[in-house]
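Required output: the full structure, derived from the provided sequences and hints.
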Amino acid sequence: MASLDRVKVLVLGDSGVGKSSLVHLLCQNQVLGNPSWTVGCSVDVRVQDYKEGTPEEKTYYIELWDVGGSIGSASSIKSTRAVFYNSVNGIMLVHDLTNKKSSQNLYRWSLEALNKDSSPTGVIVSNGDYDREQFAENPVPLLLIGTKFDQIPENKRNEVLTRTAFLSEDFNAEEINLDCTNPRYLAAGTSNAVKLSRFFDKVIEKRYFTRDPSQMPGFTDRKRFNFKSLHYD
Amino acid sequence: MSFLVDSVIMFTSQVLFFGFGWLFFMRQLFKDYEVRQYIVQVVFSVTFAFSCTMFELIIFEILGALSTSSRYFHWKLNLYVILLVLIFVVPFYIGYFVVSNIRLLQRQKLLFACMVWFTFMYFFWKLGDPFPILSPKHGILSIEQLISRVGVIGVTLMALLSGFGAVNCPYTYMSYFLRNVTDSDILALERRLLQTMDMILSKKKRIAMTRRQMYQRGEDQNRQTGFWGMIKSVTSTQSGSENLSLIQQEVDALEELSRQLFLETVDLQATKERIEYSKTFQGKYFNVLGYFFSIYCVWKIFMATINIVFDRVGKTDPVTRGIEITVNYLGIQFDVKFWSQHISFILVGIIIVTSIRGLLITLTKFFYAISSNKSSNVIVLVLAQIMGMYFVSSVLLMRMSMPLEYRSIVTEVLGELQFNFYHRWFDVIFLVSALSSILFLYLAHKQSPEKHMAL
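In order, the protein sequence lines correspond to chains A and B. Quick note: to get the working numbering, add 173 to the position in the first sequence (first position is 1). Quick note: to get the working numbering, add 1 to the position in the second sequence (first position is 1).
Rather than coming from a laboratory, the hints here were simulated on the basis of the structure. Hints are supplied without guarantee of correctness; some may be wrong.
Unchecked claim - The calculated lysine-lysine pairs, modelled on DSS-like cross-linking and capped at a C-alpha distance of 30 Å, are:
(1) Lys-375(A) <-> Lys-206(B)
(2) Lys-274(A) <-> Lys-447(B)
(3) Lys-273(B) <-> Lys-231(A)
(4) Lys-280(B) <-> Lys-273(A)
(5) Lys-204(B) <-> Lys-368(A)
(6) Lys-251(A) <-> Lys-110(B)
(7) Lys-366(B) <-> Lys-375(A)
(8) Lys-231(A) <-> Lys-447(B)
(9) Lys-224(A) <-> Lys-206(B)
(10) Lys-110(B) <-> Lys-379(A)
(11) Lys-251(A) <-> Lys-273(B)
(12) Lys-366(B) <-> Lys-274(A)
(13) Lys-366(B) <-> Lys-251(A)
(14) Lys-329(A) <-> Lys-110(B)
What the hints assert, rightly or not - Beyond 12 Å from chain B on every Cβ pair, some chain A residues (computed):
(15) Val-218
(16) Ser-249
(17) Asn-288
(18) Phe-339
(19) Glu-342
(20) Asn-365
(21) Lys-375
(22) Arg-380
Since this is a predicted model, take the numbers as computed values, not measurements. C-beta atoms are modelled at their ideal positions from N, C-alpha and C, and glycine is treated no differently.
This is the structure we're talking about:
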């Protein structure tokens, strides 16, 4: 079993939206039976086939870092959380479809994570204000996930979906709406599953197959050689 | 006519307090959550409004504002409403929201909420038995029964909070107790945390890969029919799954370690921020204040011990005693009645304002620390209950700080309670709480430097 290459994806969102259930569903293909508070950060791994079905198919490890806590935490907690945000290759923003505040807090979450990006091409934000244009040229791929879809009554569905459509435009990201306690939403062949694998493919491409050298500033020469050998395979 | 005017004044002030409670709820407590159940907000603001009205009535009593009869009427009215809210409304809603959080009991929410409320009432009633708080001439449904029990709970809370606050305040203010934390300590801990995460990841990768291979092999195995095929599949999967469960155990242990490291790092970061803060001008000011508070705390503990040992309850309030001392020893002559009124007004006002402010700040901190999306409603209601009981017993205990002529209305309204018992009970619980906080803080302080030595 050769060791595969990996990419790091953050899973961010308010406490209680369902990040741990989502990560468990994505990695274990099972529903999480007893969700409890995440203290610090919990990680899980998903084995993903990049470009499945084509001759260039390759398997990667996708590390999902589920960072716990709320956006209004004490500054000591925020400074400690910041160590998890280093060298991130993708971000999944999770919000609760039944709770508007959790969607609004996603702007603050993304600022917190992207501000800590150590690479020089990371987003530089002035005085914490959110600016849509910065997300248009953002080097880190984002995915918007709305949970507890089943708890929205039928008549409110359109309203909620319009709201999330605006949100995904703001972040320049795809959106998936699901219920973490039902694996049917991510079954193979559904549009959700397609969007998910597209997102993971994009993350892997940005990390390993982009030709822009400024995308990998902190990496040592060893990684450079790795990249070249991949290219020559 | 004057009664009408007084009522209008009282009503406007109540509306003002209600508005303040509403704003506090929206801006401070619930600023990160979405308010879905407006009833919670209403109940909280109502409790806050009526509690503050009680304090307002005390101030009016001292100032002599409004007429005596309307004051008495409003006291009684206020008291009934607040008891109604604290004993019937808030506990029922607490039960209702707790029940709605539990998935199993969704169907019969109302029924279970009523059951919870009856259990609460039973324990609430039983609470009165071990305490000598009533004289036998009271009936079973009199107001004194309810007040005495609310008073016991509230006084216990007050004493616990005061005891802990009296010890914790100098501990947090004084920089003498700040442990020395350097940047390299924090960096070392963060490095360990990331290393642990990497170890968890590599083990999880092994598990995921093994599972994937087993799954792929399992598909092939399923095609193999026959006796030998079955035996082979049993033996191979068994060794695979044993291996997996071993790795899973290691992962669980590592995850626990990562959580502890995270919490330690948060602790160090908080200490570092406090050290930086103590170097500022504000920090230095609080440091000096901390020394004064520690002297005050030691004095209070001493006084509480004396009160208990010598079985003494102060008969005169501090204002009159202070005035007596100035008149007798310093020979300054001044109008005792006039000054005692104003000084006790100021003193009581300061006590009220600081206790409200202190309580609201403590509640906010507590709320931020322990609430989540699911439990925020329940926690706010519990806090409203605590706040109501705290304020009611503040009024009870404040009796001691007021000169004799103002005490009469409190005694009249609250009925014939054994006030001395409450003061004694306060002293006992205060002493217990202060001493156990000292012990607790000492142990916590001792433990952390050893943790860093081990690094």
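**Report entry** Given hint Lys-273(B) paired with Lys-251(A) - CA-CA distance at most 30 Å
**Finding:** The hint holds at about 14 Å.
Query raised in the report: Does the no-contact call for Phe-339(A) survive, Cβ to all of chain B over 12 Å?
Result: Correct as stated: the minimum Cβ-Cβ distance to chain B is 18 Å, above 12 Å.
Report task. Starting from Lys-366(B), check that the Cα of Lys-251(A) is at most 30 Å away, please. Result -> Judged against 30 Å, a Cα distance of about 17 Å means the pair holds.
Query raised in the report: Given the hinted pair Lys-224(A) and Lys-206(B), is their alpha-carbon gap at most 30 Å?
Result: holds, 20 Å
Query - Beyond 12 Å from each Cβ of chain B, as asserted for Glu-342(A) - result: holds, 22 Å
Query raised in the report: Are all C-beta atoms of chain B more than 12 Å from that of Lys-375(A)?
Result: holds, 21 Å
Report task. Examine each Cβ of chain B, and state whether all of them lie more than 12 Å from the Cβ of Ser-249(A). Result -> Violated: least Cβ distance 4 Å, not greater than 12 Å.
Report task. Say whether it holds or is violated: Asn-365(A) keeps its Cβ farther than 12 Å from all Cβ of chain B. Result -> holds, 21 Å
Query raised in the report: Are the Cα positions of Lys-273(B) and Lys-231(A) separated by 30 Å at most?
Result: At roughly 46 Å apart (the allowed maximum being 30 Å), Lys-231(A) and Lys-273(B) break the hint.
Query raised in the report: Minimum Cβ separation between Asn-288(A) and chain B greater than 12 Å?
Result: holds, 17 Å
Query raised in the report: Within 30 Å, alpha carbon to alpha carbon, are Lys-251(A) and Lys-110(B)?
Result: violated, 39 Å
Query raised in the report: Is the Cα-Cα distance between Lys-274(A) and Lys-447(B) 30 Å or less?
Result: It is violated: about 41 Å lies between the C-alpha atoms, which goes past 30 Å.
Hints 2, 3, 4, 6, 7, 8, 10, 15, 16 from the earlier list are contradicted by this structure; the remaining hints agree with it.
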